[in-house]
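Visitor: First residue of the sequence shown: 0, per numbering that gives the first Met the number 0; consecutive thereafter.
Just so you know, these hints were derived from the structure itself, not from any lab. It is possible that some hints are incorrect.
[What the hints assert, rightly or not] Label pairs and their computed distance ranges (CB to CB): (1) Glu123 to Gly195: 14 to 22 Å; (2) Ala229 to Arg199: 34 to 42 Å; (3) Tyr203 to Gln117: 13 to 21 Å; (4) Ala285 to Gly231: 38 to 46 Å; (5) Arg138 to Arg288: 18 to 26 Å; (6) Ala287 to Glu134: 41 to 49 Å; (7) Ala287 to Pro233: 44 to 52 Å; (8) Ala222 to Arg96: 36 to 44 Å; (9) Ala89 to Ala309: 45 to 53 Å.
Don't be surprised by glycine CBs; every beta carbon is placed ideally from N, CA and C.
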Amino acid sequence: MAGRAAFDREPAALRRGGGAAEDEGPAASGRRAGNDGRADAATDTEAGRRAAVWRTARAILSLESPRIIGILNVTPDSFWDGGRYTGVDAAVAHAERLLAEGVDLVDVGGESTRPGAQPVSAEEERRRVLPVLRELVRRFPDLLVSIDTVKADVAGAALAEGAAVINDVSGLRLDAGIAETVARAGAGVVLMHSRGAVERMASYELAVYGPDPVAEISRELGASLERARAAGIPDDAIVLDPGLGFSKRTEHSVAVIAGLHRLLALGRPVLLGPSRKRFVGELAAAQARARDEAPAAPLPPEARLEGTIAACVAGLFRGARLFRVHDVDPVRRALAVADAILAAS
0 MAGRAAFDRE
10 PAALRRGGGA
20 AEDEGPAASG
30 RRAGNDGRAD
40 AATDTEAGRR
50 AAVWRTARAI
60 LSLESPRIIG
70 ILNVTPDSFW
80 DGGRYTGVDA
90 AVAHAERLLA
100 EGVDLVDVGG
110 ESTRPGAQPV
120 SAEEERRRVL
130 PVLRELVRRF
140 PDLLVSIDTV
150 KADVAGAALA
160 EGAAVINDVS
170 GLRLDAGIAE
180 TVARAGAGVV
190 LMHSRGAVER
200 MASYELAVYG
210 PDPVAEISRE
220 LGASLERARA
230 AGIPDDAIVL
240 DPGLGFSKRT
250 EHSVAVIAGL
260 HRLLALGRPV
270 LLGPSRKRFV
280 GELAAAQARA
290 RDEAPAAPLP
300 PEARLEGTIA
310 ACVAGLFRGA
320 RLFRVHDVDP
330 VRRALAVADA
340 ILAAS
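Please construct the entire structure, taking both the sequences and the accompanying hints into account.
Guide: Here it is, written out as structure tokens:
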């Protein structure tokens, strides 16, 4: 099965002496890199390749190579694929395509976070997500499935049905019960940086930062990390996501990617999710304007694939190990080439 080699119940990193993922991970190279914590990309990435793992409820995912998380939105209103996969058959067929393209984990979302999206009740979110999850677990028993939710009761129901990971875009801010639910289940968790409620977090109104936005984002992610630890979630179950495009203007998302070594200093693997987001279109348009080229307006989502790939490769060179995207095959191939270059350097 495509993506099958991505996880190993006894990965080499653990066999070489447990604790390596925490003690020798990407952050260590950042701490060794000098006064500003800057490590060269090859050193950061090699440290992650040697040591990092992610413990989930169903398997241990090795991060020796970059891993791809495929997006499966079962919502009617997501910005890119809303309405395409709301039926179980359509959702499962798309997951099968993602598997054929080499995905390592599928992230199922039942509530849109696009600007202006309407809040969804826990009951409605369960109605959207659980039938798809059950069928994915039945059809693809080796597939790791993540559930994108900020609600503890949705998380608990999903973990009981076989989900391996909870992806909380609020970083455990909005429902403290998620942390305890994840800890009890022994699941993996993604802690994403954002501000505000779900319907506001992707807007620009909360993107207010001082002169060092990366420092603020790092502090707020660190608070999420401490919430997880306080609930008993072990470090090797935690992945951090800086939340590109969430409560951030384009310049903030760019600063996060450029300063990724500072987030790695928190000591956990970093996931990037740039897929077809507004900042990609705005950055491409700004570069075109600087060259006196069209278009002057931001690129629409359908024209943002190349920019998505570029952001993923830039993140890989700065130490990111996981990438959440809509377009698995082209991103996977680009990252494989980039990772080979890093390995040879």
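Visitor: Are the hints correct? Go through all of them and say.
Guide: Right, here's what the structure says about each hint:
Distance hint check: the CB atoms of Glu123 and Gly195 are about 21 Å apart, consistent with the given range 14 to 22 Å. Between Ala229 and Arg199 the beta carbons are some 26 Å apart, a value that contradicts the proposed interval 34 to 42 Å. Tyr203 and Gln117 have their C-beta atoms about 19 Å apart, which keeps the hinted 13 to 21 Å range intact. Distance hint check: the CB atoms of Ala285 and Gly231 are about 45 Å apart, consistent with the given range 38 to 46 Å.
The beta-carbon spacing between Arg138 and Arg288, approximately 47 Å, falls outside the hinted interval of 18 to 26 Å. For the pair Ala287 and Glu134, the supplied restraint of 41 to 49 Å holds, since their beta-carbon distance comes to about 43 Å. For the pair Ala287 and Pro233, the beta carbons lie near 46 Å from each other, so the given range of 44 to 52 Å is met. Taking 36 to 44 Å as the suggested C-beta distance range, the pair Ala222 and Arg96 conforms, at roughly 38 Å.
Checked against the hint of 45 to 53 Å, the C-beta distance between Ala89 and Ala309 comes to roughly 30 Å, which is inconsistent with it.
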